[in-house]
Structures are given as C-alpha cells and as structure tokens.
Amino acid sequence: AQSVSQHNHHVILSEAASLELGCNYSYGGTVNLFWYVQYPGQHLQLLLKYFSGDPLVKGIKGFEAEFIKSKFSFNLRKPSVQWSDTAEYFCAVQEGASKIIFGSGTRLSIRP
Amino acid sequence: SQTIHQWPATLVQPVGSPLSLECTVEGTSNPNLYWYRQAAGRGLQLLFYSVGIGQISSEVPQNLSASRPQDRQFILSSKKLLLSDSGFYLCAWMRGTPYNEQFFGPGTRLTVL
Chain A
1 AQSVSQHNHH VILSEAASLE LGCNYSYGGT VNLFWYVQYP GQHLQLLLKY
51 FSGDPLVKGI KGFEAEFIKS KFSFNLRKPS VQWSDTAEYF CAVQEGASKI
101 IFGSGTRLSI RP
Chain B
1 SQTIHQWPAT LVQPVGSPLS LECTVEGTSN PNLYWYRQAA GRGLQLLFYS
51 VGIGQISSEV PQNLSASRPQ DRQFILSSKK LLLSDSGFYL CAWMRGTPYN
101 EQFFGPGTRL TVL
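If you read the protein sequences in the order shown, they are chains A and B.
For what it's worth, the working numbering labels the leading residue of the first sequence as 1, then goes sequentially.
For what it's worth, the working numbering labels the leading residue of the second sequence as 1, then goes sequentially.
What the hints contain is simulated information worked out from the structure, not anything from laboratory work.
Some hints could be false.
To be verified - Beta-carbon label-pair distances, calculated as ranges:
hint	chain 1	residue 1	chain 2	residue 2	range
1	A	G28	B	S58	35 to 45 angstroms
2	B	R42	A	A17	19 to 29 angstroms
3	A	H43	B	S84	22 to 32 angstroms
4	B	Q55	A	P55	12 to 22 angstroms
5	A	K71	B	W7	41 to 51 angstroms
6	B	Q70	A	P79	40 to 50 angstroms
7	B	R42	A	E64	48 to 58 angstroms
8	B	R42	A	G28	33 to 43 angstroms
What the hints assert, rightly or not - Just a sample of chain A residues kept apart from chain B, beta carbon distances all over 12 angstroms, derived:
hint	residue
9	S26
10	L56
11	S98
To be verified - Partial list, derived from the structure: chain B residues whose beta carbon lies under 8 angstroms from chain A:
hint	residue
12	T28
13	G41
14	R42
15	G43
16	L44
17	L46
18	G54
19	S84
20	F88
21	E101
22	F104
23	T111
24	L113
Since the model is a prediction, treat every value here as computed from it, not as a measurement.
Every residue, glycine too, gets a C-beta built ideally from N, C-alpha and C.
With the rest of the complex left out, here is chain B:
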C-alpha cells in the first residue's frame, strides 16, 4: 500500500531563515506530487506540482521554491522566510488515470516569528 510522509511535523523559524520541508511517497512509482498551503478561510492554495523528476510547475509567485530530486521525493524550500509564509503545508500525490484521486500527507505546521 502507498504511504506519504512529511517532515517535520511542526517547525518554528525566525524571519529571514531558510526552509526545507520534505515529502516522500512509498509504494508507487512516477506519481504526480503537489505542495499546497492550507490557511483558515482560504482553503488549499496550490503552490507547486510535479509530474516527474526535475519537472516543477509553479502556481503562486512567492519566495518559495520546490524541487524533485528523486521520483518519490518532493522538497519545498525558501532562502529567506517571511512572516506571511506561516501556515500549514500539505504534500499530496495523485493516483493517475482513471482514478485521479489525491492522497494527502499529515502536513507541516510552519510558524515564522
């Protein structure tokens, strides 16, 4: 069966510090991978998605970036965090056609102080 891991679960960082959030998927190959940010009242904001190694689509211009160094690994990064980067970050993978169902990880709660 497939599982999706995210770490860390919680993170408190000062403004201006770097960020690296990691997501890994087990039990599937060549998944589509996604980073979302969930904020109260704003739903899930799609940040990045990837259809393969090294292939990243960016949806929201901001100081975040994403990388996919391996098939089942998706990393969210920032060189300098802003207060507005605080939020709950969710990674997801998608089971392909004909299912097209997304499965979500446990999330990372990021607080920027």
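Pulled out of the complex, with its shape left as it was, chain A reads as follows:
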C-alpha cells in the first residue's frame, strides 16, 4: 500500500531563513503529488501540485517543490520564510483516480 513520510515533525526557523520540508512516498507507479497547508484556525488549502512535466513546480506565496522520481521525493522549499508562514504543512499522494493519502504533517514555527 502507498505511504507518505514526512520526517520533520516540527521545524522552527527565524524569519528570512530558507525552508525545506521533506516528503517521501512509497508508490512506484505514476503519481500525482500535492502539498497542502493549514494555517492556524483555517481549513486545509492547496499550496501546489505536480502531475507531470517540469519536476520543479511553483505554488502560491513563493513556495516551490521538486519532484525527484529516483528518490521518490517531493520536497517543499521556500527561499525566505515569513512569520505568516507559520502553519502545518501536509504532503499528499494520489494513487489511481481517486485515492489520496496524506503524510503526518510538519508543523512550521517562525520566530519573528
């Protein structure tokens, strides 16, 4: 069965630091990959997604992610974080037409 691993459970950074959150998945076939974000008190929302093509995808708010097929990874990056990026970040993988599973999430805390 498909699994999604997010090894960083809680990341604490200062403003303007660079960010990289890891995501690895286990499925060997064609996958669609997502990053979702949940700001405090808000619903989960889509940050970015990869279906095919350029493995470097750009999302909202300056986030980007790189799909590396050989490493089964889809890491999220941002060159310079802001206090407003404090949130929980979830990696997700779509298996087949409908099944979407999520990782355990990474809580990001930004020191002002």
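Once you've looked at the hints, dock chain B against the given chain A.
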C-alpha cells in the same frame, strides 16, 4: 461556487453510543468525497472515500462505516463508539481531472468519554 458543510461542529459522546456525522457539498455534481481523521502528530488518516452514490471504499478497518445516500451527501457512522474514536473528522470533496484538488470542510471535533 462550491461549498462544503459538516455538522455538528463539535460532539461529545459516551463510549458505546452511536455516531452520525454528516457532510454535504453544494455547487458541484458527482464529486469524489472523502472522510479523514486528523490527529496531532499523525496527519490526516484516510478513512473512506466514495466515487459515486452507494460506492464506498474503506481504508482503515475499524468500527466506523460510511454511506453516500445522495450524490452530494456523505455520512460517517458508528454503532458503538470507542475512546480511540476521539479526534477531528474532516470531510473533503475533490475537483476532478485535470485539477484533482481537494477542498476540505470545517471539520467535526469528536470527544468520546
């Protein structure tokens, strides 16, 4: 525009009591529907998903069940709640290909005592 509703927002139930959580979607037809449970440190656990009326896929063996009696209605149920059923339950619908984006409801906080 599409909206997704969940109710109740919070629920406190005794162990052994039944459960019924409801999710409805407006503004779209034939959506894929999902039930997840969110627990601290465990992310979103996929419980059930449905691609159409009466079609339910179960991902986690447990004492919960799901039903889809109407196109835009998804119900999560239990005959007898366990303490371990406490958690935050999220319903989601998926905007289909080529978007494949999920939209989440406000959630139901369930506490089993």
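Status of each hint after checking the structure:
1. A/G28 x B/S58: 35 to 45 angstroms: About 24 angstroms separates the Cβ atoms of A/G28 and B/S58, which means 35 to 45 angstroms is violated.
2. B/R42 x A/A17: 19 to 29 angstroms: holds, 27 angstroms
3. A/H43 x B/S84: 22 to 32 angstroms: holds, 25 angstroms
4. B/Q55 x A/P55: 12 to 22 angstroms: violated, 34 angstroms
5. A/K71 x B/W7: 41 to 51 angstroms: holds, 42 angstroms
6. B/Q70 x A/P79: 40 to 50 angstroms: holds, 47 angstroms
7. B/R42 x A/E64: 48 to 58 angstroms: violated, 27 angstroms
8. B/R42 x A/G28: 33 to 43 angstroms: violated, 24 angstroms
9. S26: holds, 15 angstroms
10. L56: The assertion about A/L56 holds, with a minimum of 19 angstroms to chain B.
11. S98: violated, 5 angstroms
12. T28: violated, 15 angstroms
13. G41: Holds: closest Cβ of chain A sits about 6 angstroms from B/G41, inside 8 angstroms.
14. R42: Result: holds, 6 angstroms to nearest chain A Cβ.
15. G43: holds, 4 angstroms
16. L44: holds, 4 angstroms
17. L46: holds, 5 angstroms
18. G54: violated, 15 angstroms
19. S84: Violated, because the Cβ-Cβ distance from B/S84 to chain A comes to roughly 17 angstroms (cut-off 8 angstroms).
20. F88: violated, 11 angstroms
21. E101: Where the cut-off is 8 angstroms and the nearest Cβ of chain A is about 5 angstroms from B/E101, the hint holds.
22. F104: holds, 4 angstroms
23. T111: Status violated, d = 19 angstroms.
24. L113: violated, 25 angstroms
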